[in-house]
Amino acid sequence: MIGGGVPVVARWLLARCVPPEELEAVEGDLLEEATDHGHGRLWLVIQAGVVVLGFVVAEVGRRAGAVHAAQTVSEIFDAEGVGMEGWLKDLKVSVRSLARRPGFSAIIIATLALGIGVNTAIFSILRGAVLFNLPYDEPSRVMWHSDGWRESGGWGSSQSLPNLLDIRDQASTLADLEAYGYRSMNLAEADPPERALGLLAGPAFLSILGVHPVLGREFTEEDNLDGAPDVVLLTHGLWQERFGGGSDIVGSTVDLDGTPFTVIGVLPESFEFRPDPRLLMPLKYGGRLGEYNRRGRGLHAISRLADGATRESAQAEVASIFSRLAEAYPESNTGWTTFVHPIREFMVPESARNSLRLLSWAVAMVLLIACVNVANLLLVRSESRQRELAVRVAMGARRSRLLPVFLSESLLLGLLGGAAGVVLAYLGLPVLVSLYGASLPRADTIAIDGVVLAFAAGVSILTGLIVGILPALRVDVGRLAGQLKEGTRAVSRSGQRVRQALVVVEVALSVMLVSGAGLLLKSFQRMASIDTGLKEPEQVLVTNVTLSAGAYDGAEEWAAFFADLVRSVEGIAGVEAVGITNRLPLNGGYNVTNLYRYDDRDRVSHFVELRYVSPGFFDAVGIELLAGRQLTSADGEEGTNVVVTAELARQLFGSASDAVGGAIVFEGAEEPERIVGVVSDLKDLGRTRAAPPGIYYANGPGATAGRASILTIRVQGDPMDVLPNVRAAVNGLDPSLPVYGTRLLSDVEAQTVGVQRFNMSLFGLFAGLALLLGAVGIYGVMSYMVSERTRELGVRMALGARGGEVVRMIMKGALSLTLAGMIVGVVAALLSGRFVVELLYEVEPNDPVVLTAVVVILLGVAMAASYLPARRASSVNPVEALRHE
Amino acid sequence: MTSSSLGEFEQLVLLAILRNGDAAYGVSILEEIRARTGRSVLRPAVYVTLRRLEQKGLVRSRMGERLPERGGRARKYYRVEPAGLALLRASKAALENMWEGLQAALNER
Numbered sequence: 027m028i029g030g031g032v033p034v035v036a037r038w039l040l041a042r043c044v045p046p047e048e049l050e051a052v053e054g055d056l057l058e059e060a061t062d063h064g065h066g067r068l069w070l071v072i073q074a075g076v077v078v079l080g081f082v083v084a085e086v087g088r089r090a091g092a093v094h095a096a097q098t099v100s101e102i103f104d105a106e107g108v109g110m111e112g113w114l115k116d117l118k119v120s121v122r123s124l125a126r127r128p129g130f131s132a133i134i135i136a137t138l139a140l141g142i143g144v145n146t147a148i149f150s151i152l153r154g155a156v157l158f159n160l161p162y163d164e165p166s167r168v169m170w171h172s173d174g175w176r177e178s179g180g181w182g183s184s185q186s187l188p189n190l191l192d193i194r195d196q197a198s199t200l201a202d203l204e205a206y207g208y209r210s211m212n213l214a215e216a217d218p219p220e221r222a223l224g225l226l227a228g229p230a231f232l233s234i235l236g237v238h239p240v241l242g243r244e245f246t247e248e249d250n251l252d253g254a255p256d257v258v259l260l261t262h263g264l265w266q267e268r269f270g271g272g273s274d275i276v277g278s279t280v281d282l283d284g285t286p287f288t289v290i291g292v293l294p295e296s297f298e299f300r301p302d303p304r305l306l307m308p309l310k311y312g313g314r315l316g317e318y319n320r321r322g323r324g325l326h327a328i329s330r331l332a333d334g335a336t337r338e339s340a341q342a343e344v345a346s347i348f349s350r351l352a353e354a355y356p357e358s359n360t361g362w363t364t365f366v367h368p369i370r371e372f373m374v375p376e377s378a379r380n381s382l383r384l385l386s387w388a389v390a391m392v393l394l395i396a397c398v399n400v401a402n403l404l405l406v407r408s409e410s411r412q413r414e415l416a417v418r419v420a421m422g423a424r425r426s427r428l429l430p431v432f433l434s435e436s437l438l439l440g441l442l443g444g445a446a447g448v449v450l451a452y453l454g455l456p457v458l459v460s461l462y463g464a465s466l467p468r469a470d471t472i473a474i475d476g477v478v479l480a481f482a483a484g485v486s487i488l489t490g491l492i493v494g495i496l497p498a499l500r501v502d503v504g505r506l507a508g509q510l511k512e513g514t515r516a517v518s519r520s521g522q523r524v525r526q527a528l529v530v531v532e533v534a535l536s537v538m539l540v541s542g543a544g545l546l547l548k549s550f551q552r553m554a555s556i557d558t559g560l561k562e563p564e565q566v567l568v569t570n571v572t573l574s575a576g577a578y579d580g581a582e583e584w585a586a587f588f589a590d591l592v593r594s595v596e597g598i599a600g601v602e603a604v605g606i607t608n609r610l611p612l613n614g615g616y617n618v619t620n621l622y623r624y625d626d627r628d629r630v631s632h633f634v635e636l637r638y639v640s641p642g643f644f645d646a647v648g649i650e651l652l653a654g655r656q657l658t659s660a661d662g663e664e665g666t667n668v669v670v671t672a673e674l675a676r677q678l679f680g681s682a683s684d685a686v687g688g689a690i691v692f693e694g695a696e697e698p699e700r701i702v703g704v705v706s707d708l709k710d711l712g713r714t715r716a717a718p719p720g721i722y723y724a725n726g727p728g729a730t731a732g733r734a735s736i737l738t739i740r741v742q743g744d745p746m747d748v749l750p751n752v753r754a755a756v757n758g759l760d761p762s763l764p765v766y767g768t769r770l771l772s773d774v775e776a777q778t779v780g781v782q783r784f785n786m787s788l789f790g791l792f793a794g795l796a797l798l799l800g801a802v803g804i805y806g807v808m809s810y811m812v813s814e815r816t817r818e819l820g821v822r823m824a825l826g827a828r829g830g831e832v833v834r835m836i837m838k839g840a841l842s843l844t845l846a847g848m849i850v851g852v853v854a855a856l857l858s859g860r861f862v863v864e865l866l867y868e869v870e871p872n873d874p875v876v877l878t879a880v881v882v883i884l885l886g887v888a889m890a891a892s893y894l895p896a897r898r899a900s901s902v903n904p905v906e907a908l909r910h911e
Numbered sequence: 063m064t065s066s067s068l069g070e071f072e073q074l075v076l077l078a079i080l081r082n083g084d085a086a087y088g089v090s091i092l093e094e095i096r097a098r099t100g101r102s103v104l105r106p107a108v109y110v111t112l113r114r115l116e117q118k119g120l121v122r123s124r125m126g127e128r129l130p131e132r133g134g135r136a137r138k139y140y141r142v143e144p145a146g147l148a149l150l151r152a153s154k155a156a157l158e159n160m161w162e163g164l165q166a167a168l169n170e171r
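Chains as they are written, first to last, in our numbering: chain P, 27 to 911; chain H, 63 to 171.
Be careful, since some hints might not be right.
Simulated DEER-style distance windows between Cβ atoms [as the list claims (entries may be wrong)]: (1) 872/P - 131/H: 58 to 66 Å; (2) 903/P - 161/H: 57 to 65 Å; (3) 131/H - 45/P: 39 to 47 Å; (4) 129/H - 45/P: 15 to 23 Å; (5) 163/H - 45/P: 40 to 48 Å; (6) 523/P - 161/H: 31 to 39 Å; (7) 166/H - 38/P: 26 to 34 Å; (8) 37/P - 119/H: 26 to 34 Å; (9) 131/H - 338/P: 40 to 48 Å; (10) 166/H - 117/P: 53 to 61 Å.
Pulled a few chain P residues facing chain H out of the computed Cβ check, cut under 10 Å [to be verified]: (11) 31; (12) 54; (13) 56; (14) 57; (15) 64; (16) 73; (17) 78; (18) 81; (19) 83; (20) 562; (21) 564.
Keep in mind the hints are simulated off the structure, nothing from the lab.
The structure presented is a predicted model; accordingly, all values stated were derived computationally and were not measured.
Where a beta carbon is used, it is the ideal one built from N, C-alpha and C, also for glycine.
Whenever a hint applies, use it, and build me the whole structure from the sequences.
This is the structure we're talking about:
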């Protein structure tokens, strides 16, 4: 017996499709034959697939009521039609028959190309962004840790080292846990200077992931000690791009933020983490330990599950440890919870997963609609080929000869449509990716590669079989033989019914897609109409400048540099206002802390988002002063005067004007801070999440934003025009500094609805395709019905029916089909509403406005699609129609 | 095809069972047909046909011993029932009647 027995895939396939009483014998036969002939596991999987296909075709044939259904499979697979020569002959016939009707073939190929193209495109995004292999050892056992602030409900906030170390020491469900953080540094040796993202890793970080350097060594416990020599691990990309990829790199030094770091190794090319670091440095616990640091959330952690532990058991244990920590250290942990997630959920953001899952369903439905359309067209054609088929039958052809004729034709169509679809996907993919914007993970790895092509080929073949099997199974050899004798073309009643059923299905699917698109459109509008609190953000240039740590010493020098920079940028022509901040508006949630009213004996705690800004910041981004005065540079010297947002003023003092002159104290501090002004609110956690209110310090030696600042520059005219001058101003003060991350404030704002815009645009596109295909389907069926009834209509007209009556009669037929489809579709849309609900904002899945609009749109499309055939029917010339037969 | 006549493939399967005597099961039937006709027969055709023949009452099956080379799975052995034999005889007779006196005509080509 071959090692390992029947592969899991093969068993899974067989168990689903082979009758249970045959299963043991079939599996045993496969194994026995594999053993006898020395076949491998691949052979077993392929044979299992063939067996499954056989049983499926037999079952489909039986259920579809094919004539002599039970015999279908042996006839299909019987040697007569299956030999390569037989198929080749059929293929030639198919090519000729398709080439004879170029218009008909083109419509079918275009329809399939749309369906297969959108599926291929979404699959390649899904593959690149979600379904990729994580380059870790047993990635499903690696967990990602984060805290969550109860009031905002989500997970993903950063954590403090003392909490994490307590969890590591107490959790038995975790084999190991390690903290990490981020720190960006100026890589001065590179030309031009590069702002490089460094990952600060504790000693066990790489071993938890199971990643080993390709050159040099990993971090040790000694590297993690305070005062240990500065060492760095380079990523493969940085090593190749900036240092030439030589193995002598280990042991050399690189200049980071003005400090020499010794390179101890290079990570493998496959290494990956989010966001993409360029280099790794030891975290160095020292300064982050101690009880004071328990409140300073700036780190995250990864862990590896212990043997026998699951994510759920780890989550339960870690949460209970954390609740003990919250009791022991209420001032640091009250209001917080903690989470354990599989690392894949961190590497692939939830929003991307949700939206791609939904879009996968949408494109599958588009393909289904396309299949229904094509099956319909082929069905119509097979009816019109009855004579040709009847002749073949009379000449002695059996079903086994006719089936391959149908299937080879539809397979050929499927493959041609698939090829065109891949071209469509190739052309459309860059557009889709750019539509998603920066929030799409791993966008650079998204491409149409071998796996995507294999997917497209598989979908094409499946599509070809699906659209061909229905017409093929409806060939009734007995009836065909009879028809030739009669010499007339009998209208197949059951064929008519099948086509009508297909139209109903098509309308129902369209209703589902269009209503999904409507819901997303409405929630996008809701979201986009939320006021972010910024004024004319398209006039504001945003760019980053960060001082090298080694070159500037302390808050005095940092503040002096930025004060000089602001003055120098203010002098540039076209600049209206300049401000600096440590964090952009709409990007909050990072620097949260607690404070209370100075005169409040109960010390009721309030969460706030803390920012350090220069006096010009409010004017630059368009935040309004509501009461009191602006911050001044003198405030920065002292560092005790603050400005608060209207919301915080209301929470603490009841109103903006009452807050001015009020005093507040940060938790853990002794001295109060004085409120000198109140400004308008910001939507700080993006548009839809409740964010803590804000408090602003004037940036200066007394309250420093640190070395890293973001310049916000309000410009008259095109903001990008002043960028060269801004660069010159920065490098006039320090030529070694990179100016990076430049964009408009309106881009920052747009990013907060990027995912929603992507969802809405794509879903809208797919719904549009569905409508188009639906219209084509209705048109096709109604046209065919009219041409079938030419004789009947001619008689009616001859007996005095007016054109208007005929139009009404035909359209009534179309409308009743549409209505049936709509009822099915609306019910299905309501039932499937829960799949979209997590992507909606302030819109319910059963939104009556959206559903009404969908019904109206589909009715309109159905009327338009059936009007042309109806017009044609009303213009039937009775004499012609009767003579025609 | 009605149950009163046999399809060509059904005949092949029934004959293969008879040729195998008491040891006719999936693999041996498949190999018998392949070896004797030289046709490339696909596995599911045999299984689906066996199943149909059993439902028509033309063959009967029993599960055999569990074998290590089959991963501990049993063989399913088939026997032709009297009804199956009768139909085979009828098919053979019909064919022989059709062939009668045609040797010369066939040899001409």
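Subject >> Structure versus earlier hints, numbers of those that do not hold, lowest first >> reply: Violated hints (numbers, rising): 3, 6, 7, 10, 15, 20 and 21; every other hint is consistent with the structure.
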